[in-house]
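Residue numbers (full-length UniProt numbering), protein chains in the order written: chain A, 1 to 344; chain B, 1 to 344.
Read the hints as simulated data drawn from the structure, not as lab findings. On a predicted model such as this, the values are computed, not experimentally measured, just so you know. Glycine is no exception: its CB is placed at the ideal position from the N, C-alpha and C atoms. One or more of the hints may lead you astray.
Said to hold, decoys possible - Partial pick of chain A residues on the chain B-facing surface, computed with a CB cut under 7 angstroms:
1) Met80
2) Arg82
3) Leu243
Claimed, not checked - For each label pair, taking beta carbons as the anchor points, the in silico distance ranges come out as:
4) B:Lys316 x A:Ser317: 30 to 40 angstroms
5) B:Arg107 x A:Asp133: 26 to 36 angstroms
6) B:Arg107 x A:Thr34: 19 to 29 angstroms
Protein chains: 2
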Amino acid sequence: MTRPTLVSLANELGVSRQTVSNVINAPHLVRPETRERVQKAITESGYRPNVAAQALRNQRSRTIGMRILPASDGINGAIMDRFLHHLVAECQELGYNLMLFTATDERDEVAQARELFERGSIDGAVLTGTHADDRRPAELAELGIPCAAFGRPWGKVEQADHIWVDVDGRAGTRAATRHLLSLGHTRIGFIGWPRGSESGDDRRAGWSEAMTEAGIEGWEQWQADGEDGTPTGLVSMQRLEELGVEGVVCASDSLALGAREAIRRRCTESHFGELPVIGFDNTPVAAAITMSSIAQPVERCAQLLASALVHDLDPKSRGRALQPDERLVVPVLAPRSIELPPVR
Amino acid sequence: MTRPTLVSLANELGVSRQTVSNVINAPHLVRPETRERVQKAITESGYRPNVAAQALRNQRSRTIGMRILPASDGINGAIMDRFLHHLVAECQELGYNLMLFTATDERDEVAQARELFERGSIDGAVLTGTHADDRRPAELAELGIPCAAFGRPWGKVEQADHIWVDVDGRAGTRAATRHLLSLGHTRIGFIGWPRGSESGDDRRAGWSEAMTEAGIEGWEQWQADGEDGTPTGLVSMQRLEELGVEGVVCASDSLALGAREAIRRRCTESHFGELPVIGFDNTPVAAAITMSSIAQPVERCAQLLASALVHDLDPKSRGRALQPDERLVVPVLAPRSIELPPVR
Numbered sequence: 001m002t003r004p005t006l007v008s009l010a011n012e013l014g015v016s017r018q019t020v021s022n023v024i025n026a027p028h029l030v031r032p033e034t035r036e037r038v039q040k041a042i043t044e045s046g047y048r049p050n051v052a053a054q055a056l057r058n059q060r061s062r063t064i065g066m067r068i069l070p071a072s073d074g075i076n077g078a079i080m081d082r083f084l085h086h087l088v089a090e091c092q093e094l095g096y097n098l099m100l101f102t103a104t105d106e107r108d109e110v111a112q113a114r115e116l117f118e119r120g121s122i123d124g125a126v127l128t129g130t131h132a133d134d135r136r137p138a139e140l141a142e143l144g145i146p147c148a149a150f151g152r153p154w155g156k157v158e159q160a161d162h163i164w165v166d167v168d169g170r171a172g173t174r175a176a177t178r179h180l181l182s183l184g185h186t187r188i189g190f191i192g193w194p195r196g197s198e199s200g201d202d203r204r205a206g207w208s209e210a211m212t213e214a215g216i217e218g219w220e221q222w223q224a225d226g227e228d229g230t231p232t233g234l235v236s237m238q239r240l241e242e243l244g245v246e247g248v249v250c251a252s253d254s255l256a257l258g259a260r261e262a263i264r265r266r267c268t269e270s271h272f273g274e275l276p277v278i279g280f281d282n283t284p285v286a287a288a289i290t291m292s293s294i295a296q297p298v299e300r301c302a303q304l305l306a307s308a309l310v311h312d313l314d315p316k317s318r319g320r321a322l323q324p325d326e327r328l329v330v331p332v333l334a335p336r337s338i339e340l341p342p343v344r
Numbered sequence: 001m002t003r004p005t006l007v008s009l010a011n012e013l014g015v016s017r018q019t020v021s022n023v024i025n026a027p028h029l030v031r032p033e034t035r036e037r038v039q040k041a042i043t044e045s046g047y048r049p050n051v052a053a054q055a056l057r058n059q060r061s062r063t064i065g066m067r068i069l070p071a072s073d074g075i076n077g078a079i080m081d082r083f084l085h086h087l088v089a090e091c092q093e094l095g096y097n098l099m100l101f102t103a104t105d106e107r108d109e110v111a112q113a114r115e116l117f118e119r120g121s122i123d124g125a126v127l128t129g130t131h132a133d134d135r136r137p138a139e140l141a142e143l144g145i146p147c148a149a150f151g152r153p154w155g156k157v158e159q160a161d162h163i164w165v166d167v168d169g170r171a172g173t174r175a176a177t178r179h180l181l182s183l184g185h186t187r188i189g190f191i192g193w194p195r196g197s198e199s200g201d202d203r204r205a206g207w208s209e210a211m212t213e214a215g216i217e218g219w220e221q222w223q224a225d226g227e228d229g230t231p232t233g234l235v236s237m238q239r240l241e242e243l244g245v246e247g248v249v250c251a252s253d254s255l256a257l258g259a260r261e262a263i264r265r266r267c268t269e270s271h272f273g274e275l276p277v278i279g280f281d282n283t284p285v286a287a288a289i290t291m292s293s294i295a296q297p298v299e300r301c302a303q304l305l306a307s308a309l310v311h312d313l314d315p316k317s318r319g320r321a322l323q324p325d326e327r328l329v330v331p332v333l334a335p336r337s338i339e340l341p342p343v344r
C-alpha cells in the first residue's frame with residue numbers, strides 16, 4: 001500500500017485537495033458533515049501531516065514564494081523582471097508579500113518551496129517558465145502547496161486544474177503579421193526558435209495563420225530558426241533577404257535585433273526604414289532603437305495571477321477566482337518605426 | 001524626558017546598539033558582566049520592547065527585506081534588477097531568503113520594514129538609492145532593525161556607522177576619460193545630471209580629474225546636463241559638437257544613447273564610429289548597440305553586502321564584516337565600439 005497523501009485522500013473521498021487541507025489547517029472553513037467525514041478518513045488512512053509544520057502553518061505567513069532565475073543578458077530576462085515588479089505590487093495590494101529564492105533546477109525549486117512551506121515561511125508559490133512535461137504543478141499539489149503559474153500547462157490546457165495565466169503569443173504574431181500585410185507587404189517572413197519549443201511554435205503559428213488567411217503563396221519557405229540571440233537573427237535575415245522577403249516578424253527582440261543588424265550591414269546609406277522588422281517582448285532595447293515589438297501585458301498577468309492565488313489561499317480575501325476566458329491575455333503591438341509600404 | 005530607545009540606551013552605556021539588542025534577544029551572546037549592566041539599565045530606564053514582537057523575534061526568520069521600486073523603462077532600472085538577482089543568490093548562499101515589498105516613499109519604506117520586523121517576518125533590511133539627508137539608516141537603527149545599504153551615506157561617509165557598499169563612480173568616469181585620452185582624443189566632453197545629484201556630481205568629478213591631470217585647456221566648457229534620458233543626451237551632444245568636442249563620457253546609458261542618436265542624425269553615410277561615446281551602467285541596451293559603457297560590479301556589491309549584513313545578524317554565520325577599504329567597489333570599462341584615434 002502506498003503512503004496516503006492529500007491528493008489520494010481527496011480522490012478517494014470525492015472532495016477537493018483544498019477541502020482536505022482545510023480540514024487539517026482551517027477546519028472552521030469546512031461544513032461540519034464534510035469535516036467529520038474527511039477527519040474520519042484521515043484517521044483511518046494513517047495520513048500524518050508534519051506536526052511541527054502544522055503548528056507553524058496555523059500562523060499564516062501571508063507570503064508567496066517564487067524562484068528567481070540568475071541574472072541574464074537583460075533582453076530575455078527583461079520581461080520576467082517587469083513581471084516581478086508588478087507581482088510584488090499586486091501581492092502587496094492584497095496584503096501579501098513575495099519571497100524570492102533561487103534553485104539549481106525544477107526539482108530543487110519544488111524542494112525549496114516545500115521547505116519554505118513546511119517551516120511556515122510561505123503560504124503558496126508562483127511558477128514561471130512552464131513547459132510540456134512540467135511536473136511542478138502536480139508535485140506541489142501532491143505536497144498540498146497552493147500554486148499559480150505564469151505560463152500555460154502546455155499540452156494539457158484542458159486537464160490541468162491549477163491556476164495559470166499566459167500571454168497569447170499566437171494572437172500577438174498574428175496581429176503583427178496582419179499589420180505588415182495591411183501596409184501592402186506580402187512577402188513576410190518569420191524568424192523563430194527550433195520546432196518543439198512550445199512558445200516558439202505558438203508564435204510561429206500566429207504568423208502562419210495570418211499568411212494562410214491572406215492567401216499568399218509560397219510563404220512556408222520564408223522562415224528560419226535557431227537558438228535565441230542576435231547571431232541567429234542576423235544569419236536568418238541574410239538568408240530570408242535572398243529569398244526576397246520584405247519584412248519579418250520575430251519570436252523575440254534578440255532575434256529582431258540581429259535581423260536589423262543584417263539590414264544595416266547591407267544598406268549603409270540610409271536608415272533602417274527600408275524593411276520592417278517586428279520583435280517580441282517590447283524590451284527596453286526595442287524602445288531604445290525605435291523598433292516595433294509585440295508587448296506582453298505582464299502587469300495584467302501579474303494582477304490576475306496574484307488575485308487568483310490569494311483567493312485560493314484565503315477565500316475571504318480580496319482576491320478572486322479566474323474565469324477560464326481570462327487565462328490567455330492578448331498582447332498588443334507597440335509600433336515604433338514607420339513601416340513604409342513596399343517599394344515596387 | 002524622552003522615551004528611551006535602543007540607541008539612547010547604547011549611547012548612555014557606551015556599548016553598541018547590537019549589544020543592547022543582544023541582551024534582549026540573544027542574551028547568551030553577551031558577556032555576563034555586560035549583560036547584567038545592560039539589563040539593569042534597561043529595567044531602570046523603563047525601556048519596553050514590544051512583547052509580542054519579542055516573542056516572535058526569538059524565532060529567527062532568516063529573511064532579509066528589501067523595497068522594490070516600480071517597474072521602470074528598463075534602462076535605469078536594469079542595474080537594480082541585476083543587483084536583485086545577485087542579492088537573492090548571495091543571501092541564499094548564506095542561508096537567508098529575500099522578501100520584497102513596495103512602498104510609496106521612504107517614510108513608508110521604514111514603516112513597512114518595521115511592520116515586517118516586528119511581526120518576525122524579516123531579521124534585517126537592505127536599502128538602495130541612498131542620498132544626502134537620507135533618514136532611513138538612522139530611523140532603522142532607532143527601531144533596532146539591522147540594515148545594510150547599496151549606496152554610500154552621501155555627505156557623511158565618515159560618521160555613518162551602518163553597513164554600506166557603493167560603486168566608485170568617479171573612478172569609472174576617470175578611467176573612461178583616460179581611455180579616450182590614451183587614444184589621442186583631447187576635446188572630451190561630459191554629459192551628466194544637474195548639479196546637486198550626488199552620484200551625478202561624483203561621476204562628473206572623475207571626468208574633471210582626468211582632464212585636469214592631462215593638462216588640457218578649456219575643458220570646463222565641454223559639459224552639459226539635464227534630466228536623465230535620451231532627449232537630454234541628444235540636445236547636449238548637438239551643443240557639444242558645435243564646441244568641437246570629439247568624444248563624450250556620459251553619466252548614464254540613456255544619456256549616451258541620446259548622444260549617439262545626435263551623431264547618427266548628423267552623419268547618415270557611415271557607421272557610428274566617428275565620434276566615441278561612453279555610457280554608464282553597461283545596460284543590455286549598450287551591449288545591443290555595441291556601445292562602450294562603464295560596468296558597475298553589482299555581483300561583487302551584492303556579495304559584500306549580503307555577507308556583512310548576515311554577519312551582523314548572526315556573528316556565528318558564514319557572513320563576514322566588511323573592511324573599510326572594501327566599501328567602494330571600482331567599476332570597469334566595457335569597451336565595445338572601436339574608439340578610433342581622431343581624424344586631424
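Do the hints match the structure? See the list:
no.: 1; hint: Met80; result: violated (9 angstroms)
no.: 2; hint: Arg82; result: holds (5 angstroms)
no.: 3; hint: Leu243; result: violated (26 angstroms)
no.: 4; hint: B:Lys316 x A:Ser317: 30 to 40 angstroms; result: holds (39 angstroms)
no.: 5; hint: B:Arg107 x A:Asp133: 26 to 36 angstroms; result: violated (48 angstroms)
no.: 6; hint: B:Arg107 x A:Thr34: 19 to 29 angstroms; result: violated (47 angstroms)
Hint violations for this structure: numbers 1, 3, 5, 6, all remaining hints satisfied.
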